[in-house]
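Protein chains in written order, with my numbering: chain A, 1 to 981; chain B, 1001 to 1385.
Treat the hints with care, as some may be off.
Said to hold, decoys possible - Heads up, simulated DSSO-like pairs for lysine-lysine below, C-alpha to C-alpha not over 30 Å straight-line: (1) B:K1269 x A:K401; (2) A:K401 x B:K1376; (3) A:K594 x A:K690; (4) A:K112 x A:K248; (5) A:K250 x B:K1288; (6) B:K1376 x A:K250.
Stated by the list, open to error - A short list of chain A residues far from chain B (calculated; beta carbon distances all over 12 Å): (7) G65; (8) T110; (9) N253; (10) W270; (11) L275; (12) Y277; (13) G281; (14) K311; (15) T383; (16) L388; (17) A596; (18) H851; (19) T880.
Keep in mind the hints are simulated off the structure, nothing from the lab.
Even for Gly, the Cβ is constructed at its ideal location relative to N, Cα and C.
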Amino acid sequence: MYKQLTMLVLALLFSAAIWAQNRISGLVTDASLLPLAGATISLKNGQALTTTDSSGRFSVTLNRGEVIQVSYTGMISRTITIAAETSLSIALQPSAVNLDDVVVVGYGATKKSDLTGSVATIKADELKNAKVGTATSALQGLAAGVFVTTGSVKPGGDASVVIRGSGSLRAGNSPLYVVDGIPVEGGLQDLSPGDIQSIEVLKDASSAAIYGSRGSNGVILVTTRQGSKGKSRITLNLNGGFQKMMNKQKLMNAQQYYQLASRAIPDYSWTSEELRYLSRGLSTDWQDAITQDGKYSNYNLGISGGSETVKHFLGADFYDQQGTIKNSSFRKLTLRYNMDAQTNSWLKTGLRFNIIESALKNINEEDDSGYGTMFSAISSQPTAPVYLDNGDYFDGFLNTKANPVAIVDLLDKVTKKSRAVGSVYFEIEPVKGLKIRSDNGGELEFFNVNSYEDGRMGQHYPDGGHAVKFNGKKRYMQSENTATYMFDVNSIHRFTILGGFSASKYTYESTTADSKNLSPVLGYDNLGGAQNHGPNGSYASASTLTSFYGRLNYNLDDRYLFTVTMRQDGSSRFAPGKQWGFFPSAAIAWRISKEAFMEEQDLFSELKLRASIGRLGNQNIGDYAYAATISQGGEWSDYVFGGNLATGSVQNTISNPNLTWEKANQLDLGLDFGMLKNRIAGTIDVYYKKTTDLLWLVPLPTESGFDNSLTNIGQINNKGIEFSLTTININTKHFSWRTSGNFSFNDNKIAELYNGKTDVNKALFVGRHMSTYYTLQADGIWQADELAKAAVYNAQPGDRKVKDLNNDGVINGDDRAFSGISVPKYYGSFTNTFRYKGVELIAFFTYAGGHLINNSLNRYLNSFNTWGNMSEEYYNGYWTPARPSNRYPAPRIGSPYSNGDGTNANFQKGDYLRLRNIELAYQFPASSFVRKISSSGMRVYASVQNAVTWTRFTGFDVESSDNTNPYPNARSFIAGLSINF
Amino acid sequence: MRMLSYCGLLYCCLFFLWGCQKDDAPTPVPIAPILKEIVFPGINDVMPGREASIRGKGFDQGDRLFLENETAMTEVQVTSVNNQEIRFLVPEEAGGAYTVTVERHELQTTLDGELLVPLVVVIDDLVMPAGTSPAGSVIAIGGAGFQQGDEIQLTAPFYPAGKIISVPVTLTDNGMEFLLPTAAYGQNTVTIVRGQRRSTLGTIGIEVTVGAEIGGGIVYYVESNKIHGYIVHKENLGTATESFGPGLALSGAVGTSRSMGSGKSNTAKLVTKMAAFRQNNNSWNTKKAAFELCDELTVGAGNDSYADWFLPSQEELIELFKVKDMLWSKGAGLPANNYWSSSEGDGDAAGWSAFYVNFYEPVNIVSGFVDKEGWKIGIRPVRYF
């Protein structure tokens, strides 16, 4: 009994002791309130208490008043004093930089802190600023030195990327895209942004040299999502919205057009339909007639999970966009499966598999953009009705000879693509630290472009209809085999040695069938029923690339980092004897912050100085470019023999067996820094890139029988500075404010051409930017009191005045002058992210400037033309004796330089600042009602894309590559839901 | 938190308002019709009560059309419109010059130019009499549109200048009829007159017989159709010894003919030549040539006077010879003499000679060519109807 009483007292005492402590449970999440598994809960003295489970939850027993620290890699640690609460909800904000982040580099990965080259990392979250568009366009503004232009914002349209300035005249300036180790042609348009885990941009020679002959324009490495061990995770992202066309051009209405045309052309030939339309007070707004509010939706499902031995990810993505031009659309279905399995202790295997099915509908991209849908709408006279009284399409257009509405109604053009990309790898580790890996994969792509142009679309199109069927097939296979050995000596000297070889083959074939006069019902599905056939054609090509490469990384005590990379490529695209190229590079980095003399300071948490130098190549010269090619058949080759047409052959290019790679020699100096415990972090890079052996079609003497020869000539230099900065401005318990941004400046100059030439066709100039304008100088309008002077130049008051720079009384090519450049000198972005509890506000701006855009649309809109409509501004501002405008010439037929061609009259500043995304979101925490549906978090948001653009450019879009017939950009209003299970 | 909620709400409102805003299309304001390249029909293409067309661009279905003259503006019925023209019904009472106004949406545009509507009588299904009709008979003309009070006017080129024979008409079930007046002969043009309106209906043939005393003389020859022939003056001209005219070299010949139907043109040619001759010669200043006497002859008959006489050709004169006895019975006999024809001599003799017909002969036809100036013989003018 005594014993029992004693036990009871002890138990009570123990219980009292326990009750003096608090049992604290908590949830640790990231800034988006998604649970963080593995976060460390420790006492202030560093004693670890526990870590969060896969749901981000933890439970500890603590005394009131004790102070704990919650930390997680890449996050700013939070310190919490235990009070009366028994439940904690702790959201960690990411630090401005995470030095422990794993950065993928070619054929391997390394910690960010160990990088010696200039590599920009883009996380999947950052891609979310771009809802509509491709993964390529989503890169805009996310990395310094990476200039992304959304040249066409059509549904399915991709962006173009130039890294550190253009260095090639003819071999292309696009970087090499590598997705999970497989090179991808033409950007990331087929990739679902939801499948992306991270993107690394290899910008300098050291980081890109491992890709040798394909790396001169930089490399973009994409790593798709992979599973992780632990609890399975399901992510579902649903978003959709609508789009409104931006920058609709203000054009004259029918009445204004009638007045102006009647004034300029008294015997203007009106049609009865137009005259009736006018008297009814009607006017056709062709832009409205062919456009609509676009619709957009994207559904992305990701299922990931894994165990100790197997990790997997399954992704499904459906993208559907109805364009702002009627009847244009893009649909894409993407399925991805990634799997990694540790088969046994020494063998690891895995696969990456991705299939894409897409269909792009009715984007009318005429070779001559003057016949495209949008330009048809711009230039069609507003006096023209859409339909005749009998319901037929009006067909009396001045310029394009096509009815824009008929085009969008009747054009049947579908581009379908089916693509499968996959790879399988085997990796063995026979001895510790040595990994031998064989990664074999490829890509198979089928695509076809079917088009049927109905004769009712207008005079421009054949009466009986015109169908074209284009089928193409691409096949790419590669084998990458590497051995990587990692070891250290005394834990101070750490080495990573990589060696490998690869072989790849690319084949391409296509067929084109062209028929006219055929059934509009069956169209391209029954070309055999056509009355006329041809021209038909087919094409095939192949190329191979064999490579040997190696890389040595040496890390001395985490302070001094050295990298030497080399690659030797053998490409079939060059003549025997010129097929092999060697591309070496070296880099060094000094982590100053790791030096002893830095230990006493708190300002810099990271400071690293980098330097790299190397050579890269560009083999994008096309297949068989070095060889003399024979053209067989066709009007230039066939001949008449015995009264019959016989198929002939003719050599159409001259061979150049000395043709070789374009070579980019690049020097990079960089500084990475992190300050105030990485609340401020950034990178500064300066670079100098010298590209030599540029490919150019050098003119040949006529006696040679050829116009020109593809030859390596000249040199282009790019130099620039890049700056990126991320700051955590405010980080309190409930509120945080994070700012990140980047700035890039690039200066491009042609250093040398050929044969001592200082210019080529007055288009390329030594000492000038390769995108320099060299034009006549518009100088306003001749005024009434300048009658005599204007007459000297065969002009009249009201005509456009052009500067006679050499004062010889004649305006000709000798009066041209340099008039700016067409590509931005500087560009970048900045983002502000505000979070208050679960509410998040993101404002993402992009900008560019220092360039001029030749707004070619204004050559039609801002001068009188007999081809179609003009701007309302021109109507209200053209020169008359009573209204002596100095901007817009009088509406006079034959007025010289009226439309500004050959002058800088239509050049406009391309500087812009765009609020590309403003987004308001609310993150329901895991502890909220979402638990009832077994969700670990849910985020709802509303976003406006391209909300505001500040620019002086007046065309459809300041970023568009085609200003005459652009696909108009849109302001997108999107709402979305992301939910995790 | 509340403020944050308000901000979120405001954002969402702006989100949808911004996205949903839509430009309001301006309400169309019609303007007066714009009509281009207008071409009015010629007066001969317009008929009262008939459809007419104004060519041009810009006409519309539903357009109203008004014709306006000094007295009134009248809406006309538009029958059809297409991209090239507007067609409309010309009012039956229309006639004269009109401005044309097009009205659409109660807005009007007056066309440049005038619509000219002829003052005509419109007769549908007109049936003119076939063949010829005896003098003094009733002429029936079929057709619709004749009205009480209409009047028929008969005219012929061989009637004295300005002579119109007006005849009242009687309406019949099939049209109308009228009685041929005795003064009418030969082929006549029939014109219907109604007030200021008049329309030519066609021609009728009124039979003529040899020996009839009409047209200022005696009919001495009728063609087989009985509506054309020759009338001879009742008397000779000049003396019985008149020269033909000046005798000339071959180059002075005018290219006359001897055939039937050529006398009038022969005379005209000779008169023209004679006028030229007189400018350079004064030998004939005091005397007239035979053909001049005929050409200048005017014969009165009642209220009429006939001035279309000519010197007959050889064959026309021979036909006169053939009925000389009949002419004596009518008091228009030709005294025995040789008579000049208007036919010059053959071949190289054309300049100095002309044909005559011997009226001394009782039966035999004797004709030859003789010196124009040296021979002096008789002249008998004739006229043709």
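Is it true that the CA of K1269 (chain B) sits at most 30 Å from the CA of K401 (chain A)? Violated. K1269 (chain B) to K401 (chain A) sits at ~66 Å, over the 30 Å cutoff.
Take the C-alpha atoms of K112 (chain A) and K248 (chain A), compute the straight-line distance between them, and say whether it is at most 30 Å. Violated, at about 46 Å.
Check the non-interface label on W270 (chain A): least C-beta distance to chain B beyond 12 Å or not. violated (5 Å)
K250 (chain A) and K1288 (chain B) were given as a pair; does the straight-line alpha-carbon distance stay at or below 30 Å? Outside the cut-off at roughly 91 Å; violated.
Test the statement that H851 (chain A) is away from the interface with chain B: the closest C-beta pair must be farther apart than 12 Å. Check passes; 30 Å lies beyond 12 Å.
Minimum C-beta separation from G281 (chain A) to chain B exceeding 12 Å: can you confirm that? violated (4 Å)
So is N253 (chain A) really clear of chain B, every C-beta pair being over 12 Å apart? Answer for N253 (chain A): violated, closest chain B Cβ roughly 8 Å.
Can we trust that A596 (chain A) is non-interface, i.e. its beta-carbon lies farther than 12 Å from all of chain B? Correct as stated: the minimum Cβ-Cβ distance to chain B is 48 Å, above 12 Å.
Given pair status - K250 (chain A), K1376 (chain B), alpha carbons within 30 Å: Judged against 30 Å, a Cα distance of about 100 Å means the pair is violated.
Given the hinted pair K401 (chain A) and K1376 (chain B), is their alpha-carbon gap at most 30 Å? violated (87 Å)
Mind verifying the non-interface call on T880 (chain A)? Its CB should be farther than 12 Å from each CB in chain B. Fine: 23 Å to the nearest Cβ keeps T880 (chain A) off the interface.
Checking the smallest CB distance to chain B, is L275 (chain A) really beyond 12 Å? violated (3 Å)
Comparing the model with each numbered hint stated earlier shows that hints 1, 2, 3, 4, 5, 6, 9, 10, 11, 12, 13, 15, 16 do not hold.
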